Amino acid sequence: MNAASVLHPLLAVLAAPLLFGAINRTKAFFAGRCGPPLLQTYFDLWKLFRKGATYSRTTTWIFRAGPLVNFACLLAALTLVPLGHVAAPLAFGGDLILLAYLLGMGRFFTVAAALDVGSSFEGMGASREVQFATFAEPALLVGLAALARETQALSLTAMYAHLSGPAWNGVLPLWALLTGGFFILFLAENCRIPVDDPNTHLELTMIHEVMVLDHGAVDFGFVQWGATLKMWILGAMVVGLWLPETRHPLGNLAVGAVGLLALAVVTGIVESCMARLRLLRVPQLLVGAGVLCALGLMLTFR
Amino acid sequence: MNNTIDLILVALVLTDLILLGASRLRNAIRILAAQGLMLGLLPLLAHRGGPIWHALLLGGGSAVLKGFVFPALLNRALRETNANREIEPFVGYVASLLIGVGALALSFWFGARLPLPAATPSQWLVPTGLFTVWTGLFLIVARRKAITQVLGYVAMENGIFALGMVLVEAMPLLVELGVLLDVFAAVFVMGIIVFQINREFDHIDSDQLSALKEDAP
Amino acid sequence: MIWTLIGLPLLAALASLRMRADRPRRALLVATAVAHAALTGICWIWPPAVAPGAWVGLDAAGRLFLGLASGLFLAATIYAAHSLGRGREARGRLTEADTGSVFVNAPEAVFTACLLVFLAAMTLTVASQHLGLLWVAMEATTLATAPLIYFHRQPSSLEATWKYLLVCSVGIALALLGNFLIVVAATASGAAGTLLVPELIARGAQLPAPWLQAAFAFLLVGYGTKMGLAPMHTWLPDAHSEAPSPVSALLSGALLNCAFLGILRAHAICAAAGLGAFSGNLLAGFGLVSMFVAAAFIVGQTDYKRMLAYSSVEHMGLLAFGAGLGGAAIYGAMLHAANHSAVKAALFLLAGNFLSAYRTKSIARVGGGLRRLPISGALWLAGLFAITGSPPFGTFASEFTMLQAAFAQGRGAWAIAALAALAIAFAGMAKAFLGMSLGRAPEATAADEGERWPTVLPALALLSLSLLLGLWIPQGFASLLGQAAQLIGGGAP
Chain R
1 MNAASVLHPL
11 LAVLAAPLLF
21 GAINRTKAFF
31 AGRCGPPLLQ
41 TYFDLWKLFR
51 KGATYSRTTT
61 WIFRAGPLVN
71 FACLLAALTL
81 VPLGHVAAPL
91 AFGGDLILLA
101 YLLGMGRFFT
111 VAAALDVGSS
121 FEGMGASREV
131 QFATFAEPAL
141 LVGLAALARE
151 TQALSLTAMY
161 AHLSGPAWNG
171 VLPLWALLTG
181 GFFILFLAEN
191 CRIPVDDPNT
201 HLELTMIHEV
211 MVLDHGAVDF
221 GFVQWGATLK
231 MWILGAMVVG
241 LWLPETRHPL
251 GNLAVGAVGL
261 LALAVVTGIV
271 ESCMARLRLL
281 RVPQLLVGAG
291 VLCALGLMLT
301 FR
Chain S
1 MNNTIDLILV
11 ALVLTDLILL
21 GASRLRNAIR
31 ILAAQGLMLG
41 LLPLLAHRGG
51 PIWHALLLGG
61 GSAVLKGFVF
71 PALLNRALRE
81 TNANREIEPF
91 VGYVASLLIG
101 VGALALSFWF
111 GARLPLPAAT
121 PSQWLVPTGL
131 FTVWTGLFLI
141 VARRKAITQV
151 LGYVAMENGI
161 FALGMVLVEA
171 MPLLVELGVL
181 LDVFAAVFVM
191 GIIVFQINRE
201 FDHIDSDQLS
211 ALKEDAP
Chain D
1 MIWTLIGLPL
11 LAALASLRMR
21 ADRPRRALLV
31 ATAVAHAALT
41 GICWIWPPAV
51 APGAWVGLDA
61 AGRLFLGLAS
71 GLFLAATIYA
81 AHSLGRGREA
91 RGRLTEADTG
101 SVFVNAPEAV
111 FTACLLVFLA
121 AMTLTVASQH
131 LGLLWVAMEA
141 TTLATAPLIY
151 FHRQPSSLEA
161 TWKYLLVCSV
171 GIALALLGNF
181 LIVVAATASG
191 AAGTLLVPEL
201 IARGAQLPAP
211 WLQAAFAFLL
221 VGYGTKMGLA
231 PMHTWLPDAH
241 SEAPSPVSAL
251 LSGALLNCAF
261 LGILRAHAIC
271 AAAGLGAFSG
281 NLLAGFGLVS
291 MFVAAAFIVG
301 QTDYKRMLAY
311 SSVEHMGLLA
321 FGAGLGGAAI
331 YGAMLHAANH
341 SAVKAALFLL
351 AGNFLSAYRT
361 KSIARVGGGL
371 RRLPISGALW
381 LAGLFAITGS
391 PPFGTFASEF
401 TMLQAAFAQG
411 RGAWAIAALA
421 ALAIAFAGMA
431 KAFLGMSLGR
441 APEATAADEG
451 ERWPTVLPAL
461 ALLSLSLLLG
471 LWIPQGFASL
481 LGQAAQLIGG
491 GAP
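Protein chains in written order, with this note's numbering: chain R, 1 to 302; chain S, 1 to 217; chain D, 1 to 493.
Among these hints, one or two may not hold up.
To be verified - Here are some chain D residues pointing at chain S (derived, C-beta under 7 Å): (1) Val136; (2) Glu139; (3) Leu143; (4) Pro155; (5) Leu158; (6) Trp162; (7) Leu166; (8) Leu176.
What the hints assert, rightly or not - Okay, the calculated beta carbon distance ranges per label pair: (9) Arg281/R - Glu200/S: 32 to 38 Å; (10) Ala100/R - Ser23/S: 29 to 35 Å; (11) Ser23/S - Ala28/R: 29 to 35 Å; (12) Ser23/S - Ala31/R: 25 to 31 Å; (13) Asn3/S - Arg281/R: 30 to 36 Å; (14) Leu202/R - Arg153/D: 51 to 57 Å; (15) Phe68/S - Thr246/R: 44 to 50 Å; (16) Gly439/D - Glu200/S: 35 to 41 Å; (17) Trp453/D - Glu200/S: 35 to 41 Å.
Quick caveat, the hints were computed from the structure, so don't treat them as lab data.
For clarity, every value in this text was computed on a predicted model and none was experimentally measured.
Glycine included, every Cβ here is placed at the ideal spot set by N, Cα and C.
Full structure from sequences and hints, please.
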């Protein structure tokens with residue numbers, strides 16, 4: 001527990017919207033456009049927080065609580081996630097299970113809020129979301145299990161702190177597999193191409209967008225902010241596998257931030273180079289991610 | 001060097017899994033070619049003693065045969081039979097993948113039970129070889145088209161070859177070449193028969209080749 | 001000498017591909033068969049010594065199976081040369097009554113060449129002392145026989161060829177895995193790896209058990225597929241019934257034996273390593289299962305060639321059973337291999353006569369064989385008694401030896417089970433065979449001709465051979481059988 005550990009969640013809350021900006025700028029670059037400014041997400045959040053909200057008469061408190069609970073869960077999850085060699089503020093044995101469940105609870109309340117609206121449109125998005133979650137969550141847990149087995153630790157901080165120079169030998173295949181699996185899960189959970197197109201406006205193709213369609217103003221602001229936090233958390237899990245250790249803890253934090261930005265650029269590249277998968281294929285992709293993680297788990301049984 | 005062999009073996013398992021989940025014949029043939037090329041590297045990496053040209057000949061021959069010749073034969077059969085390019089499985093792709101993971105776990109378990117001779121370059125060799133053999137067998141059984149069955153046969157031979165190539169350095173060169181030649185001839189003849197099947201039946205759906213069944217009593 | 005035996009058919013195959021005219025090609029085929037048989041006879045009388053460390057050598061078991069293969073090839077080619085000639089004249093006018101499809105045949109040159117390559121590959125298989133070479137030769141036999149099955153160019157034979165090619169190739173690939181595992185076992189104690197059977201037997205005690213057991217399992221499943229053991233036998237009924245009759249005779253009579261030899265060599269290695277009980281039990285188990293599966297399918301069978309094919313499965317099961325029991329039963333198995341080859345080949349050649357006379361493979365539609373085809377019908381009945389193990393034919397003696405050995409070893413239950421399977425098969429086959437030979441014959445058409453001697457003489461000769469072996473076994477032959485049995489770990493009764 002040091003200064004970097006405390007600074008990390010703060011940095012995440014403040015800097016996460018930059019990730020969205022980086023992705024959009026990369027996509028614009030590939031498309032030959034200028035693209036929105038890097039800080040566009042901040043401007044959007046500022047605009048949203050100053051607007052007034054309209055609530056439908058069919059909704060209940062769940063609809064208003066959904067985005068808030070989601071945001072709260074993600075904040076709590078932020079305290080558990082390390083960024084490479086930067087320790088998390090709260091680290092204890094089994095915190096990886098708590099992390100998975102916090103993300104799950106956030107998802108549950110988002111879905112509940114979507115269903116609370118009473119429209120079949122949001123219901124369709126909710127059903128797709130949970131279907132994908134059915135495949136994605138076991139994959140995540142299997143991957144974390146592989147990591148735990150390999151590093152002989154049950155706390156995320158200890159697992160990610162394990163790797164440094166000489167330890168590379170022998171774990172390269174496992175790390176590559178886990179990176180692949182986690183990256184696919186990262187794309188799936190953050191609703192990126194090839195799982196879901198964040199820019200789509202076509203009814204039949206929306207998944208996450210349609211769930212939050214009826215939220216406005218402050219609620220939608222929290223939804224967007226929460227999305228950036230989720231990207232930071234899952235991105236930290238992917239990038240943390242490869243971050244080198246520096247001597248100063250603040251240096252670790254800086255390296256982590258740079259790594260996350262790099263991941264955002266890579267995501268932008270992936271989004272620019274691929275099209276969205278057919279809906280039938282997404283479970284196959286997620287099963288593929290699960291298989292990669294399972295293969296990694298099997299490699300740890302030496 | 002150990003790391004490289006491990007990486008190749010993991011890549012081999014990945015190609016097997018992709019084969020299990022592949023839905024387009026063209027892609028499956030490409031993956032098989034990649035498998036063949038990777039296998040060609042194994043003898044060179046695992047070379048421990050004896051003349052280097054032995055390993056070069058075997059690895060090079062295997063790479064050329066499995067990376068270029070077999071895919072060319074299969075693609076030619078694909079073109080000439082004008083088949084529908086989907087694979088049409090009996091067992092769905094997701095189910096195949098999941099069963100594959102189960103088989104992979106079994107291969108690891110079985111590989112752990114066999115006491116390894118001292119000089120194997122990697123402990124993941126036996127499980128990988130067994131899993132590739134299993135993948136080939138599964139493709140033969142659980143896929144409809146005759147071409148996919150030939151694919152499965154080549155995949156099976158790949159697995160056996162991988163096991164033999166590295167487990168054994170005492171296999172005489174002549175026998176290995178004989179094996180390669182036999183496999184080549186087998187694939188060649190199979191290609192011809194597939195062509196004949198298409199000419200005779202207008203399809204290459206081996207599931208429909210069921211005229212020779214026992215009549216119900 | 002051995003290389004001559006292998007090289008001669010190969011050269012003849014090349015020559016036959018170049019020949020344009022049919023008659024000389026058929027003559028070449030028969031001449032090669034005669035030469036091969038003569039050379040084999042010389043090998044029997046003056047056995048060549050097996051040089052230590054040689055990859056190719058004819059030991060006693062090899063000589064036995066080579067003799068069977070060569071003799072059967074001679075019989076089959078005499079029949080084939082004649083029927084090819086008749087087929088050429090009647091081209092386009094022959095239709096199969098069941099499906100109405102016309103017999104369109106493949107080019108004869110390819111047929112002849114494949115037959116000769118098949119002979120060469122079989123010779124190499126039985127003469128091989130090196131497991132790797134054995135594998136290559138076995139795969140070569142599969143590849144050489146696939147075009148033979150497809151000779152009549154019908155949809156059903158195409159289907160049979162595909163199944164045959166795929167299932168046997170997969171099986172043999174598994175046998176290759178078994179080969180690799182054997183080499184690993186051989187290197188385990190730090191010595192150099194080897195695939196030479198005599199060396200492996202000599203080093204038996206040092207081979208580690210788990211690897212050897214795994215290797216034997218793969219070799220049994222792999223070569224067992226080629227041999228026709230259940231449950232890997234699924235290709236056999238189709239392939240043996242769709243192929244032309246002389247090819248069926250060779251496949252059932254000679255090729256299955258070659259696969260059996262491969263399994264026997266593996267069994268010998270296991271016995272030398274002290275795992276004889278393990279491999280023997282596995283063999284006997286597969287054998288019993290094959291016998292029951294075959295018996296179940298023989299009863300109620302409607303196609304007589306398929307029935308003969310299932311009978312092959314049953315007898316292969318019996319061979320595996322005998323070999324697995326060990327001791328005196330192995331001698332019985334060797335004798336039974338010889339008897340079965342002769343009788344089954346004869347039956348398939350006779351089936352060919354029935355097919356060309358009645359134009360149908362359905363048992364129900366064939367009747368009055370004794371009237372329509374006097375010699376074939378009579379031989380058919382004799383063949384029934386031979387194949388089901390009735391005295392005085394040789395099959396009775398061999399089956400009796402095996403069952404007696406089983407009782408002597410205290411495995412009475414196994415023997416009774418085998419007897420039950422044999423009895424069921426007897427019932428099924430008797431009903432069919434009697435129905436085909438007796439009863440009323442359909443009207444003879446003008447296109448029919450009488451029986452020519454090349455179509456009945458080979459079958460007559462083979463059945464007489466089996467009868468002879470039932471009555472009296474020549475001393476030289478008995479010692480050959482005994483030596484072969486000893487190689488595998490058995491003894492004379």
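Each hint tested on the structure:
1. Because the closest C-beta pair between Val136/D and chain S is about 4 Å apart, less than 7 Å, the hint holds.
2. The interface hint given for Glu139/D holds, since its Cβ lies 4 Å from the closest Cβ of chain S, which is under the 7 Å cut-off.
3. Of the supplied interface hints, the one on Leu143/D holds, with its beta-carbon coming within about 5 Å of a beta-carbon of chain S, less than 7 Å.
4. Of the supplied interface hints, the one on Pro155/D holds, with its beta-carbon coming within about 5 Å of a beta-carbon of chain S, less than 7 Å.
5. For Leu158/D, the interface hint holds, the least distance from its beta-carbon to any beta-carbon of chain S being 5 Å, beneath 7 Å.
6. About 6 Å separates the beta-carbon of Trp162/D from the nearest beta-carbon of chain S, less than 7 Å, and the hint is met.
7. Because the smallest distance between the Cβ of Leu166/D and any Cβ of chain S comes to about 6 Å, under 7 Å, the interface hint for this residue holds.
8. The criterion of a C-beta within 7 Å of any C-beta in chain S is met by Leu176/D, whose closest approach is roughly 5 Å, and the hint holds.
9. At roughly 35 Å, the beta carbons of Arg281/R and Glu200/S sit within the given window of 32 to 38 Å.
10. For the pair Ala100/R and Ser23/S, the supplied restraint of 29 to 35 Å holds, since their beta-carbon distance comes to about 31 Å.
11. Taking the beta carbon of each, Ser23/S and Ala28/R are about 33 Å apart, inside 29 to 35 Å as hinted.
12. For the pair Ser23/S and Ala31/R, the supplied restraint of 25 to 31 Å holds, since their beta-carbon distance comes to about 30 Å.
13. Distance hint check for Asn3/S and Arg281/R: the Cβ-Cβ separation is about 33 Å, which falls inside the suggested range of 30 to 36 Å.
14. The supplied range of 51 to 57 Å is met by Leu202/R and Arg153/D, whose beta-carbon atoms lie about 55 Å from each other.
15. Take Phe68/S and Thr246/R: their Cβ atoms lie about 47 Å apart, and the range 44 to 50 Å holds.
16. Here the CB-CB span from Gly439/D to Glu200/S is close to 36 Å, well matched to the stated 35 to 41 Å.
17. For the pair Trp453/D and Glu200/S, the supplied restraint of 35 to 41 Å holds, since their beta-carbon distance comes to about 36 Å.
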